[in-house]
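Using the sequences and the accompanying hints, generate a full structural model.
Chains A and B are the protein sequences, given in the same order. 20 is the number of the first residue of the first sequence in the working numbering; add one for each residue after it. 6 is the number of the first residue of the second sequence in the working numbering; add one for each residue after it.
Hints are supplied without guarantee of correctness; some may be wrong.
So the derived list for chain B, only partly shown, Cβ under 7 Å to chain A, looks like this [stated by the list, open to error]:
(1) D32
(2) G36
(3) V57
(4) L59
(5) V74
(6) Y76
(7) P78
(8) A87
(9) L89
(10) T90
(11) L94
(12) A97
(13) A100
(14) S101
(15) L105
(16) I106
It is worth saying that the hints were derived from the structure and are not from the lab. All values derive from a computational prediction rather than experimental measurement. Where is the CB? At the ideal position from N, CA and C, for every residue including glycine.
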Amino acid sequence: MLDLEFMRLAFGAGIVVGLLAPAVGFFLVQRRLSLVGDGVGHVAFAGVALGYLLNLPLVLTALVVSVIGGLSIEWIRARRRNAGDQALALIFYTGIAGGVVLVSAAGALNVNLFQFLFGSILTVTRSDLAVIAALGAGALVVITMLYRPLVAVVVDEEGARVAGLPVGALNSLTVVLAAVTIALSMRVVGILLIAALMVLPVTAASRVARSVSSTLAIAMTIGLLSVFIGLTVSYYADLAPGGAIVLTAAGAFAVAAVAARFRPLARP
Amino acid sequence: MSLALRLRGVTFGYGHAAPVLRNVDLDVQQGEFVAIAGPNGGGKTTLVRLIVGLEHPTSGRVELDVDNVGYLPQRAQAGIDAPLTVRELVTAGRASRTRLIGPLGAADREAVRAAVDRVGLAPQADRRLSTLSGGQQQRAFIAKALAGEPELLVLDEPTTGVDVEAQEAIAELLQQLRSELAMTILYVSHEFGAVEEFVKRIVLVRGEIVFDGPPSALPGVWHDPSHTHA
Chain A
20 MLDLEFMRLA FGAGIVVGLL APAVGFFLVQ RRLSLVGDGV GHVAFAGVAL GYLLNLPLVL
80 TALVVSVIGG LSIEWIRARR RNAGDQALAL IFYTGIAGGV VLVSAAGALN VNLFQFLFGS
140 ILTVTRSDLA VIAALGAGAL VVITMLYRPL VAVVVDEEGA RVAGLPVGAL NSLTVVLAAV
200 TIALSMRVVG ILLIAALMVL PVTAASRVAR SVSSTLAIAM TIGLLSVFIG LTVSYYADLA
260 PGGAIVLTAA GAFAVAAVAA RFRPLARP
Chain B
6 MSLALRLRGV TFGYGHAAPV LRNVDLDVQQ GEFVAIAGPN GGGKTTLVRL IVGLEHPTSG
66 RVELDVDNVG YLPQRAQAGI DAPLTVRELV TAGRASRTRL IGPLGAADRE AVRAAVDRVG
126 LAPQADRRLS TLSGGQQQRA FIAKALAGEP ELLVLDEPTT GVDVEAQEAI AELLQQLRSE
186 LAMTILYVSH EFGAVEEFVK RIVLVRGEIV FDGPPSALPG VWHDPSHTHA
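Laid out in structure tokens, this is it:
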């Protein structure tokens with residue numbers, strides 16, 4: 020399997036996605052914003068369509084439009100109490116409708132959109148991998164450097180605000196990181212399924228881990244294993260990789276849920 | 006003694022609804038331990054949210070003469086279910102005193118350890134927060150606030166859902182903090198019996214301040230019957 024260049028490229032991109040998606044997802048899940056990834060994913064579809072219309076690199080247009088969509092969700096959420104789900108719904112539907120209209124306008128309804136929605140192991144190019152590796156490494160470095168204040172906001176947003184932390188900027192950074200993750204992952208997992216890879220490993224890890232650091236470590240390991248297993252199954256069974264990867268992550272959640280019943284949490 | 010905070014003519018309402026608080030004047034001296042009590046919906050939480058800057062008055066002004074404020078939100082709003090240890094929680098409270106970027110320095114790690122020690126949770130420092138009792142969780146959140154070395158500590162309903170014994174242990178801890186660290190403390194609760202013997206001042210809020218004075222002057226019907234004192 021690894022004799023084939025397209026599989027090596029898919030695995031290369033998969034390593035970045037498998038590590039980055041749960042790392043970013045942790046900060047969304049713990050703030051009860053698990054569906055933000057889904058909302059931004061729908062917007063990314065509009066970005067892909069815009070790329071077709073303007074004949075620009077699709078990762079680039081998906082990235083720019085996702086960042087705008089993510090910041091819009093955060094802007095509405097931060098200003099209107101209890102409006103988080105409405106903000107998501109607005110961005111969800113506007114994103115998907117905008118994508119359909121733009122793809123129609125570009126006369127590209129006949130192209131294979133399926134590969135962007137659910138991933139395809141054939142589509143990662145060398146230049147894609149270079150972009151994915153550079154941006155993915157950059158995102159992981161940002162998370163590492165700002166780990167403490169990001170955790171402080173997750174633990175107690177109002178306490179962090181009172182203490183003078185730049186909570187608005189940190190929350191905006193989190194959705195920008197989510198947008199970057201989605202744009203990078205669309206070749207491998209697909210924009211409609213990447214949100215699951217941001218959420219499922221984290222919810223699985225939360226069932227068995229004792230600390231933030233162990234939750235992140237377990238979640239990133241699950242993410243990586245899900246990508247490896249999903250891509251392998253997808254190659255041999257000729258399946259869309261996004262579905263195989265996410266089903267593997269869902270299986271990890273089931274295992275963690277069972278393990279948590281037999282191993283009460285967390286006494287050293 | 007100088008003022009820690011001063012409110013003058015503070016009125017606040019959510020949107021176009023009737024004001025939750027009307028024309029509140031309040032002075033708190035540095036080092037005072039003040040209980041803020043009143044019925045649910047009376048505006049206690051709104052009052053402290055105005056004091057810590059989470060809300061802004063519709064009219065009037067709030068002035069604080071302290072640099073660092075520690076705030077303990079109501080239990081329902083805090084991340085108790087998150088997968089984190091007591092030490093990680095307290096470390097989060099130190100974030101305001103350190104550089105934003107990079108790992109924690111030795112002095113900051115020591116401040117975290119001291120805060121955990123002070124609330125008596127050193128043996129539980131590496132346990133997951135959700136495995137502790139309600140009283141221990143609240144002490145962990147107090148340690149988190151202490152890690153930021155606040156001059157003003159504001160606690161909103163810190164004993165809700167906690168048994169009477171734990172409530173009194175928390176009240177004793179707060180009294181210790183006030184006397185040893187000269188910290189100004191605002192303690193919000195509709196069950197203020199636990200702190201009644203430690204505070205020299207109770208402020209009753211019911212849309213406005215309806216009582217402000219020593220517990221001994223409090224009309225009998227407002228005393229909290231769940232606590233009895235010798």
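Checked hints:
no. : hint : in the structure
1   : D32  : violated, 21 Å
2   : G36  : violated, 20 Å
3   : V57  : holds, 5 Å
4   : L59  : holds, 6 Å
5   : V74  : holds, 5 Å
6   : Y76  : holds, 4 Å
7   : P78  : holds, 5 Å
8   : A87  : holds, 5 Å
9   : L89  : holds, 5 Å
10  : T90  : holds, 5 Å
11  : L94  : holds, 6 Å
12  : A97  : holds, 4 Å
13  : A100 : holds, 4 Å
14  : S101 : holds, 4 Å
15  : L105 : holds, 5 Å
16  : I106 : holds, 5 Å
Hint check: violations occur at hints 1, 2; the rest are consistent with the structure.
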